[in-house]
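First to last, the protein sequences are chains A and B.
For the record, in the first sequence the residue sitting at position 248 is 248 according to this note's numbering, with numbers rising by one throughout.
For this note's numbering, count along the second sequence from 1 and bump the result up by 772.
Note that these hints are calculated values from the structure, not bench results.
The beta-carbon is built from N, C-alpha and C at its ideal position, and this holds for glycine as well.
One thing to keep in mind: the hints can contain errors.
[As the list claims (entries may be wrong)] Listed next, with one range per pair, are the computed distances between beta-carbon atoms: (1) MET366/A / LEU846/B: 43 to 53 Å; (2) GLU790/B / MET366/A: 48 to 58 Å; (3) SER833/B / ALA363/A: 54 to 64 Å; (4) SER789/B / GLN330/A: 43 to 53 Å; (5) ARG397/A / ASP901/B: 17 to 27 Å.
[Said to hold, decoys possible] Covered stretches of chain A (in silico footprint by chain B; criterion: 3 or more residues with CB under 8 Å from a CB of chain B, positions within the stretch not fixed): (6) 402-414; (7) 672-679.
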Amino acid sequence: MKNTTRSVLRKLMGMKLRTIAISLVISAAMALVITGYYSAEVFQYSVEKYFEDNLMPDVFYEFASPINDTEVRSRLSGLSDVKTYDTRLVAGGIYTREREDYPVVLIGVDDPARKDISVLSLEDGDFYTDSRGAVAIGGMESFGVDVGREVSVSIVGRQLNFTITGIVSSPEYMFPSAYGDYSLPIGNSLVVLYMNKSALQDVVGDGVNQVVVLLSSGGSMDRVTEALSGYPITKITRSEDHPSAVFMEMGVVKMKNMMPVMGFIFILIGIISIFMTMYRLVQNDSRYIGVMMAMGYDRSAINLAYISLGVVITIIGGIIGTVLGILFTQGIVSVSLEMYSNLKLYFPPAPVPFLIGWAFAFASVMLSVSIPVALITRKSVREALEYRPTTRVHSTRISSGKMLPSTLMGIRNTMRNPARTVLTIIVVGMTVGMAGSWLVMSGSAIEYMFSSVENEKWDLRADFLYPQSVTALNETTLGFDPGQAGDVIPFTHMAGQAFKGEESSGAVIVGCDNIKKVKTFHLREGKLDFSRAVISFRLSQDAGIHAGDTIVFKGGGGEIKLTVSGVVDELVGSIIYTSRGNLAELFPQEMCTGVYIILNEGQNENVYVDKLLDSKVVSKVVVQSKLKDDLMTLLDDAISLLYTFFILTLSISFVVAASAVIISFMERDVEFATLDTLGIPRPRIIKSIIIEISILALGSVIVGIPMAYLFAGILAKVMSEVLFYFPIHLVMGANILILLIGFLFIQASSIVPIRYTRSLDTETVLRERTAG
Amino acid sequence: MAVVEIEDLHKTYITGSEKVHVLKGLNLKVEQGRMIMVMGPSGSGKTTLLNLIGGIDTDYSGKITVDGTDLKKLDAKRLSLYRREKVGFIFQFYNLIPTLTALENVELCMEALKMTKEEIRSRATEFLDLVGLSEKANGFPQELSAGEQQRVAIARALAKHPTIILADEPTGNLDEDREKNVMGIMRNLSRELGMTFIIVSHNPRLKKFVDQTLYLRHGVLHEKESEE
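Let the hints inform the model, and build the full structure from the sequences given.
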């Protein structure tokens, strides 16, 4: 090793605190870059591994009414395309606890412990062994659905009592909130029970209404569908269109789009922050560089010495950054997956995110080292020897009034180097803005969701167990005479696939003849002509469909062609609104799958809810006035995730602020030593530091708030492409939180200079720094 | 009456693997109101002696008594109080706080004393006037000349009426004219206010301003410059 390099490296060893500060900035920025790219990989890999290990079926067939179990089995058994299959009876019910109703999906299966298709993994308890037992999908334990508990479910007007023998997870119900219809944001409060099939048949009637198939290698879904022709298929769902897969994909796409944006912003913050730190470090060495030049070392040797310093710092920062990156990834993916299901995390061997992180760290440090070295070595030897970093202190003349000198010192110290202070405030402000953007997004999304819920003009929505005839909507089917309510509007609801040429997307089609009475729409393009089709913005984005386009909707074993008249903002999902008549080729026009109910003024919705629940054909009732509560339940986890991001990102603000202030404070060692010789009490020195950092923190959070809206705008744009559209609003709560918590986090960085001044050896500083 | 009494003072530094015994049984008595100067070559321990008397360095053997207080018996907090009330430091490079004006620098050292804001302001103004800087009271250190900065440092050290003033090369950064001016001010204030000064310097020109000059050689003080 050359002596120049050795000397610079020894210098680095001597300034441990500063080295740690620089390394931490590098590691924090690098960790975010790694997290940005790696979390999507981990998320996708973990979910795919779960699907694979638990043998998610390839195709799901649902039937309008039960079909003969033995017959359907005989049709499938001989097919070489089928590796294995299961026939089930699925029915909806209501579970009531403490006057709250929860929708229930009862799935009657022959053997809950099957290991060859859609494996149920026991998380607690055991599988049931008799007709009074059931296993439940986890997540509803706090609502009384737990091992050993008695659960009473109302189904087709009868009460069924079960003992929960076990809690399970299933690839089909990873995201219970995704189950249902996509068109309404219903809370994550779905009870899914697997029970004895024949026990359910005793209540609902013989037969099965769902067939799940695992295709053999090279097996054709079309041939399976053909084998089932003649049955009243209402829905065919391929595994990739299953809500579990769709939501997983949405999560992956969301992460793949959003996290790198976040990573990019952090690259920017990291580069500025690292540059500030390294620039100062090299500048402080200017006299030493001059000495080396005087001794005849050429620029490349000096550059090499400092590049070695950069390499060491990069390695230290990189190792910490890699570890932090994995930890951040684990945290973020765990919280993300917890929103849906408790999956085991698998870390795929994906080197790219780490390579990007290391390349970023290396490039930033090298740039930050090379520029100041080049600036100094460009000068003549004499100039280099005399070169001193600008340490001129800018003094601000402010009216001191009755302020104590130690207070004034704190205030004026903030602006002793205005350029650096402004840069620090901007950089720290950017990190605060990045953190705050999560709160702004969360607040804006909630506000938008609530306003969207207010677009729903119906009071109650009832979904039927089986399709019902529109003309037979009477006291028997609904539990009340439709004439008593303000309006009863039938709708038909189907899931399938929307195609525009080669492009396609999973979609839900809602056929309703009076949809304008049910819902207020906000048009984005075209016009609201429901005699054709109106689609949601999300579907428009996913499949590139616009007003005037013709689309094909495939579902329930058939297909229809529709012309799109307009595109509307829709909170969740890919939806097509059209008339029931347009669905005639897919679904009998005289039948409907549910009704919207608009009550007359003064009518008590609870009375109608009770009547609907007593009906033998109603499987689910949604109360519009409770949608906001449901939304909050649905969003609880998502909000927790955003708050986790907020705090995580603020910890970066802390690191960036701490590294910026420590550099500034280390230059002031003589001042602190002098204060000690004057016998200034420590609390006054601490007060002065706290005042200085407070002003810095205040400046940063003030800059951080508009930054938060700027970043939230960018992230919301990305979100609109992968999840749903929402505009960014002014969110006062978020502003206050950014102001307060952001301030506290940056203020916390004052612990670094306070500790530094405490550890300062006055005698040594005065001897070494002021000796003549 | 002796304000400063030092008995058998030993101080050892460890530099790498080497032990340097810099003060070897030093004794000193300084009467109140006297201005003494300690001279000696670089590394002889002059600054070390000041730091020990000032309570900055506490690692020594022997006894240092200032105004009846044995420094060895003071903990860090009391040493800080001792410096605040009894010691005034003057440094070669002035060590003024750059973000405070001349007046505020002088006020700073009295901030924690039991004085009202008005008393502090009045005392600081009085001492800036004594060093001839009342017109520059609102100037920041970087707006003042080297001599003016040292005069502010003197005002800062004296304003709180300390028992002793410890000056480390107070004119080391000044030209001859400014040196004369600064030393003249220090001598006059010493006479007028009866303050005790201990000055360390290389500069033989300062001898004429002080009451006594001592020479630090081989870790002890001598009254004569040469060894014979």
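Quick rundown of the hints versus the structure:
Against the hinted window of 43 to 53 Å, the Cβ-Cβ separation of MET366/A and LEU846/B comes to about 51 Å, which satisfies the hint. The beta-carbon spacing between GLU790/B and MET366/A, approximately 40 Å, falls outside the hinted interval of 48 to 58 Å. Our hint of 54 to 64 Å for SER833/B and ALA363/A holds, since their Cβ atoms are close to 56 Å apart. Taking the beta carbon of each, SER789/B and GLN330/A are about 48 Å apart, inside 43 to 53 Å as hinted.
In this structure the supplied range 17 to 27 Å holds for ARG397/A paired with ASP901/B, their Cβ-Cβ distance being about 22 Å. With 8 residues bearing a CB less than 8 Å from a CB of chain B, the segment 402-414 of chain A meets the requirement of three and the coverage assertion stands. Note: the segment 672-679 of chain A has 7 residues with beta-carbon separation from chain B under 8 Å; the three-residue rule is met and the coverage holds.
Checked against the numbered hints above, the structure breaks only hint 2 and satisfies the rest.
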